[in-house]
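Undergrad: Work the whole structure out from these sequences, hints included.
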Amino acid sequence: MSIFLDKNSKVFVQGITGAEGSYHTGRMLAYGTNIVGGVTPGKGGQKTEHGLPVFNTVEECVAATGATHQCIFVPPAGAADALFEAYEAGVRFSVCITEGVPVHDMLRVVGATPGMRIIGPNCPGLISPGKSSIGIMPGHIFKEGNVGLISRSGTLTYEVVDGLTRAGLGQSTCVGIGGDPIIGTTFVDCLREFKNDPQTKAIVVCGEIGGSDEEDAAAFIKEHLAGTPIVAFIGGRNAPPGKSLGHAGAIISGGFGTPESKINAFRAAGVPVADRPSEIPKMLAERMAATV
Amino acid sequence: MNLMEYQGKELFRRSGIPVPRSQHCTTPDDVAAFIEKNPGKWVVKAQVLMGGRGKAGKIKFASSADEGRKVAQEIMATPMPPNRQNPNGEPIKSLLVEETLDVALEAYCAISVDRTTKKPAIIVTKFGGMDVEEVHEKHPESFSTFFVDTAIGYSPFIGRKLAFSTDLDAGYRKQFPAIVAGMYDLFFKYGAKLVEINPLILTKDGRVIAADAKVELDDDALFRHPEFKEWQTVLPLDEDESLATDAGLGIRNFRRFGGTVGTMANGAGLAMGTMDAVKNAGGEIANFLDVGGGANAERVRKCYELVVNHTNAKVFFINIFGGITRGDEVAKGIVEALNTTKSRKIPLVIRLTGTNEEEGRRILADAGMTPVETMDEGAKRAVELAAASA
Chain A
1 MSIFLDKNSK VFVQGITGAE GSYHTGRMLA YGTNIVGGVT PGKGGQKTEH
51 GLPVFNTVEE CVAATGATHQ CIFVPPAGAA DALFEAYEAG VRFSVCITEG
101 VPVHDMLRVV GATPGMRIIG PNCPGLISPG KSSIGIMPGH IFKEGNVGLI
151 SRSGTLTYEV VDGLTRAGLG QSTCVGIGGD PIIGTTFVDC LREFKNDPQT
201 KAIVVCGEIG GSDEEDAAAF IKEHLAGTPI VAFIGGRNAP PGKSLGHAGA
251 IISGGFGTPE SKINAFRAAG VPVADRPSEI PKMLAERMAA TV
Chain B
293 MNLMEYQGKE LFRRSGIPVP RSQHCTTPDD VAAFIEKNPG KWVVKAQVLM
343 GGRGKAGKIK FASSADEGRK VAQEIMATPM PPNRQNPNGE PIKSLLVEET
393 LDVALEAYCA ISVDRTTKKP AIIVTKFGGM DVEEVHEKHP ESFSTFFVDT
443 AIGYSPFIGR KLAFSTDLDA GYRKQFPAIV AGMYDLFFKY GAKLVEINPL
493 ILTKDGRVIA ADAKVELDDD ALFRHPEFKE WQTVLPLDED ESLATDAGLG
543 IRNFRRFGGT VGTMANGAGL AMGTMDAVKN AGGEIANFLD VGGGANAERV
593 RKCYELVVNH TNAKVFFINI FGGITRGDEV AKGIVEALNT TKSRKIPLVI
643 RLTGTNEEEG RRILADAGMT PVETMDEGAK RAVELAAASA
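Chains A and B supply the protein sequences, listed in that same order.
Per my numbering: the first sequence = residues 1 to 292.
Per my numbering: the second sequence = residues 293 to 682.
Examples of chain B residues lying across from chain A (beta carbon under 8 Å, computed):
id : residue
1  : Thr408
2  : Lys410
3  : Ala443
4  : Gly483
5  : Asp510
6  : Asp512
7  : Ala513
8  : Met564
9  : Gly565
10 : Asn572
11 : Ile616
12 : Thr645
13 : Gly646
14 : Thr647
Derived lysine-lysine pairs resembling BS3-like cross-links, with alpha carbons at most 25 Å apart:
id : chain 1 : residue 1 : chain 2 : residue 2
15 : A       : Lys195    : A       : Lys222
16 : B       : Lys606    : B       : Lys571
17 : B       : Lys521    : B       : Lys506
18 : A       : Lys43     : A       : Lys10
19 : A       : Lys222    : B       : Lys410
20 : B       : Lys672    : A       : Lys282
21 : A       : Lys282    : A       : Lys201
22 : B       : Lys466    : B       : Lys453
23 : A       : Lys282    : A       : Lys143
24 : A       : Lys282    : B       : Lys571
25 : A       : Lys195    : B       : Lys410
26 : A       : Lys201    : A       : Lys222
Keep in mind the hints are simulated off the structure, nothing from the lab.
Just so we're clear, the structure is a prediction, and the values are computed from it rather than from any experiment.
Idealized CB from N, CA, C, for every residue including glycine.
TA: This is the structure in structure tokens:
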């Protein structure tokens, strides 16, 4: 299985003729992703350098190719529009790589697209190793297996995956959920999917300081995933002192967000927290061995 | 982008939120001239982004033109004193001269973006006029929050509900829903991340007035509101921030710590992980440096010079895990940096993997450099080299 994405998922790329869109389309194709076309308004009817058909609208693309999964590489001002266009055309899965999307655009999007699974924005995408990849993750460091991975950071995720793969621990699906204030898919959304995925036998949660996603994840694990081997990691524990976060934000989330709060929440849920990425594979392997 | 009080109040005015009568002044003479024309008791407030104006003596009262000039001079004579986040303080370039209010009660109201519910959150407490975090510690039960469904937007029942549930004094009730409507209007129209009124005052004669204004606009949405560009206040940068800007980095992408192992990585998460690895290997970190996503050769060269010229680094550990950043571009930058730089040369430890790692490694190999395999291995080698050259 794997979650969200498999070999048969038909992917189209919005902004396929742009520099990043074109480059990463090539890399996704090389990985084996079933990309069926792309959308660039005004370039409909052309072929990309990869030989894929280009359409003027998402509707045309979906009608002609049966595409179900959108990958967005458009500039920030057009990201919400791309999501709305896909929703209108019946697409219910989208990965938004774009960084710098206005917060209010995402507030509107998540409020007006019920039933649509959006990964990101400002994320590296997701990959079901050996099957398919949507986004910008370097495919060759992944290996098919039983570990589900969710992360808020980009490059730190690769570090963790690299360690897992070197230790022989393959992955079912890895999701980079993105670091923006409003994101389409949270840790809990992914954990719910992993819970029902027969391929996923263990989970790694890579959190960061700030927000309360990690605390929510810990609460979900305590309730629904008590027997599953899970290891967590919190990035940014030695973060250089930055400018303070908005007061109101801290009040809403009830004072959550500090590394201590996150570590304590995971420990209370029976989830060990690694001090460094390189410890994760061993900690996870031990827990996996204990549950067999 | 944070707005100053007078800017926030200008947006409040446009959105129908009652604010005190006021005049924005840039010199003590302007203050005196205004009070001359408008006799009465006025409060003169420094316009800065830093908090703690009252404690710093930057809010003073004046009842005559002469007194107005004198307190304005006093306020502007020295900058806001430094704190941990703003080690250089903040110069005072303008003042707000404002009507004094006969205060009966002070409340608090804010609209912000809630990550968990993915909705705008309206937060109210009847305890205003002090630091909201302090209120939250003392009276956590006093807060009421409403999460707005963006498809419906704001409706007056929300303001009524909040007023009742937080037990706002009856004097507020009639005007409160319209004030929150104005705040929500502002929040949406200008793409704000925070709209805060603290305190929201009930005067003895029954008026409800926003005595302060805190507005944070979304930098990512400023392209829709170019008119705010001229309002942008840049706090004086500290030395690390200036160096980062000069190297073409974001102000928060570089910070020095005084140790001997220089570091650079792509992505803040990996950059912090790299520092952890150096610490775990027993080394002292010279700096934090996030080169950012999609770094090209030119940026890498500038970062090399930044670390070599401006830190105590005796060795430079470069840790790149390519995603959107391409390994060949980084490798080209490293080689180019070494070939063209006039700066001193220090030993490099390079870890280069991910996107286009093979081309990157070939470019490095052609230049006589061998990258290490893992972050921990690189950290260990860097710490050894730093110790050897001490």
